[in-house]
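*Asks:* Protein chains in written order, with my numbering: chain A, 2 to 206; chain B, 1088 to 1365; chain C, -16 to 177.
It should be emphasised that the hints constitute simulated quantities derived from the structure, not laboratory data. No false leads were mixed into what you were given.
On the chain B side, residues computed to face chain C include the following (Cβ under 7 Å):
hint, residue
1, SER1210
2, TYR1211
3, ASN1212
4, GLU1213
5, LEU1219
6, PRO1251
7, HIS1252
Ranges between beta-carbon positions, derived for each pair:
hint, chain 1, residue 1, chain 2, residue 2, range
8, B, LEU1227, A, ASN36, 40 to 46 Å
9, B, TYR1199, A, PRO193, 36 to 42 Å
10, C, SER79, B, VAL1330, 46 to 52 Å
11, B, TYR1199, C, GLU150, 52 to 58 Å
Being a predicted model, the structure only gives us computed values, none of them experimental. Yeah, the Cβ is synthetic: ideal placement off N, Cα and C, and Gly gets one too.
Residue strings, one per chain:
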Amino acid sequence: MEYNGGSVVAMVGKGCVAIASDLRLGNQALGISSNFQKIFPITDRIYLGLPGLATDVTTLKEQFRYRVNMYTIKEEREIEPEAFAHLVSSTLYERRFGPYFIEPVMAGLTKKPSGEYRPFIAASDLIGCLNFAKDFVVAGTASSKLFGVAEGLWEPDLEPEDLFETISQTLLNAVDRDAYSGWGAIVHVITPESVITRTLKGRMD
Amino acid sequence: MSAFEFANQSTVQGDYTKVSCCRVVLRFQWVFTIVVEYAMEAISHAGTVLGVLAKDGVVLAAEKKVTGKLLDLSGTKEGGYGGSGEKIFLLNSNVIAGVAGITADANSLVNYARTAAQRHLYSYNEDIPVELLTQRLCDLKQGYTQYGGLRPFGVSLLYAGYDPHCQFQLYHSDPSGNYSGWKATCIGANNGTAQSLLKQDYKDEISVEDAVALVLRVMSKTMDSTTLGSEKLEFATLTVDPVTKKPKSKIYRPAEVDALLKKHDLAKKDEDAEMKTA
Amino acid sequence: MDSSFAITGKGYVIVAADMTAARSIVKMQSNEDKIKVLGSHLLMAFSGEPGDTVQFAEYIERNIRLAHIRNTYPLPPPSAASWIRRELADSLRSRSPYAVNLLVAGYDLPTHEPKLYWIDYLGTMAPVPFAAHGYGSYFALSLLDKYHDPEATVDEGLATLRRCIDEVSKRLIVTPGKFKVKIVDKNGVREVDF
Chain A
2 MEYNGGSVVA
12 MVGKGCVAIA
22 SDLRLGNQAL
32 GISSNFQKIF
42 PITDRIYLGL
52 PGLATDVTTL
62 KEQFRYRVNM
72 YTIKEEREIE
82 PEAFAHLVSS
92 TLYERRFGPY
102 FIEPVMAGLT
112 KKPSGEYRPF
122 IAASDLIGCL
132 NFAKDFVVAG
142 TASSKLFGVA
152 EGLWEPDLEP
162 EDLFETISQT
172 LLNAVDRDAY
182 SGWGAIVHVI
192 TPESVITRTL
202 KGRMD
Chain B
1088 MSAFEFANQS
1098 TVQGDYTKVS
1108 CCRVVLRFQW
1118 VFTIVVEYAM
1128 EAISHAGTVL
1138 GVLAKDGVVL
1148 AAEKKVTGKL
1158 LDLSGTKEGG
1168 YGGSGEKIFL
1178 LNSNVIAGVA
1188 GITADANSLV
1198 NYARTAAQRH
1208 LYSYNEDIPV
1218 ELLTQRLCDL
1228 KQGYTQYGGL
1238 RPFGVSLLYA
1248 GYDPHCQFQL
1258 YHSDPSGNYS
1268 GWKATCIGAN
1278 NGTAQSLLKQ
1288 DYKDEISVED
1298 AVALVLRVMS
1308 KTMDSTTLGS
1318 EKLEFATLTV
1328 DPVTKKPKSK
1338 IYRPAEVDAL
1348 LKKHDLAKKD
1358 EDAEMKTA
Chain C
-16 MDSSFAITGK
-6 GYVIVAADMT
4 AARSIVKMQS
14 NEDKIKVLGS
24 HLLMAFSGEP
34 GDTVQFAEYI
44 ERNIRLAHIR
54 NTYPLPPPSA
64 ASWIRRELAD
74 SLRSRSPYAV
84 NLLVAGYDLP
94 THEPKLYWID
104 YLGTMAPVPF
114 AAHGYGSYFA
124 LSLLDKYHDP
134 EATVDEGLAT
144 LRRCIDEVSK
154 RLIVTPGKFK
164 VKIVDKNGVR
174 EVDF
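So here's chain A without its partners, still in its complex pose:
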């Protein structure tokens, strides 16, 4: 976790979810890139964050893309967040005794039979133990700090713009206290109509 650094957080809002990460890629204390993406779109309504060892970030991103594409083309429909969470879990557990050093965080909207969308967030440890939270989930080198700030700032039923502000402040303030995270941030707010993506500057040191 500390080798490359990086952190991800996801939060539930009112009929929406948000997921955010920093953009640093490091080699221990040396910064390599300030534009290293750790969050990837899985479908139009699911985003996956992969903080941890950077080689596994890329490998897992490509592996999940392969598995989700095969699922989509065979099932002839997009994967739902619950099913995807279990796909993540079983993919990681396949490597139970030689794991990928990644703690995934996912955020999405589940389509209910009534046609409404229900917010969904989940996180997993590096061997696939799922945690379905109702409020927020954190992971990465700044996770301990993220817990503290999120606990203080998050409240239920935030509208998309308020959720954006809450998750952005949570992430920015948490990574400022972490030497391995930072160098800019990216935030995605997923609503039933669209996904709002914004890149933030923050402290670039």
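With chain A fixed as given, assemble chains B and C onto it according to the hints.
*Replies:* Chains B and C in isolation, oriented as in the chain A frame:
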């Protein structure tokens, strides 16, 4: 013991007793020829599939043979990626294919193609080039003409695709594993008629809209049935999205096919209305 | 102890690598080429565990060539880099991993863009405007933060490279010695005297 020695052994028990080397070779050639030709013959009775390459896209159309009042088509109206999953398939985000021949074999080939395309994406982080995907399938098909005891895939395919190397492309592959690139071509029943019509009317630098019109016109002339409708026709286009610059395939849903036919004045006429005007 | 640098500019990438082959404290050679030409528009600077480096670089070189022959067109830089990364990532979890760090530089013909990828022996890959490996990176990256210009001409790029190499020669306890410098742009690969 080499194969040559084996063939020359007159004392060997079994089918090849007292068969000379030459006759074994001939027998294999004969088996190859009839089995592959049998497959090709089957395809020439299958529903027509037609493809036209335009300068800004590719168009595919296919005739469905299996129809009937009791056939449940409710699944094709929504969900999935369009089409009825009978003749035109999405192989990858940049390739669609029309199939003619034994449906069960086609499904197996489509599945193979999709897996091959995803494996390429996994290894190289790019969409598989169209010709490479065609080659992958042809390698498989060729294998079944070579090894004894196996039946070849009774399927011809038309591949319509896009890649940054060669832009839009249209390929045809047959059961023997041969493939070739085309500007416009046709497989299945009446392919001779369709090809000569295409030869007459195809122009280089044709646009997608003109290609759609050409495909529909040729289809309406070659299909056995007198009227065109979504229950007999599958239709698809592959273009490049002007905003994202990514290939965009559109396999028409039944309602969209009917709307398209209406637009081109080829839709089923209301019989009552015709009676009144007569 | 080896150092390598790469800088993108307007329509080109400059790649530089030191030319020293050393065993322990002894300098064995001072004219080794540590930049492989993988294709008409593709370069790869390699460094790391002696033995692994050349073995891995030649394995990559031949497989990229094979892909070119089979597919009739060469792998574009992003695809080549992704494939090379996967080879390292797979190797990392194998019985005998390669310990090789790479800078993959190329000119992407379909999009007309210079491409540069920083890849380490774990299979970590990052697309970057400039990059460095080895002890030289601790000096060069901070210099490049200040002086790198994505719109710079080749001459300006070479001047920036000169700053990096001079700084490393001045501050590193073991001076890397001479550097091999290659440039890839729309016309292909060429070597420059430096």
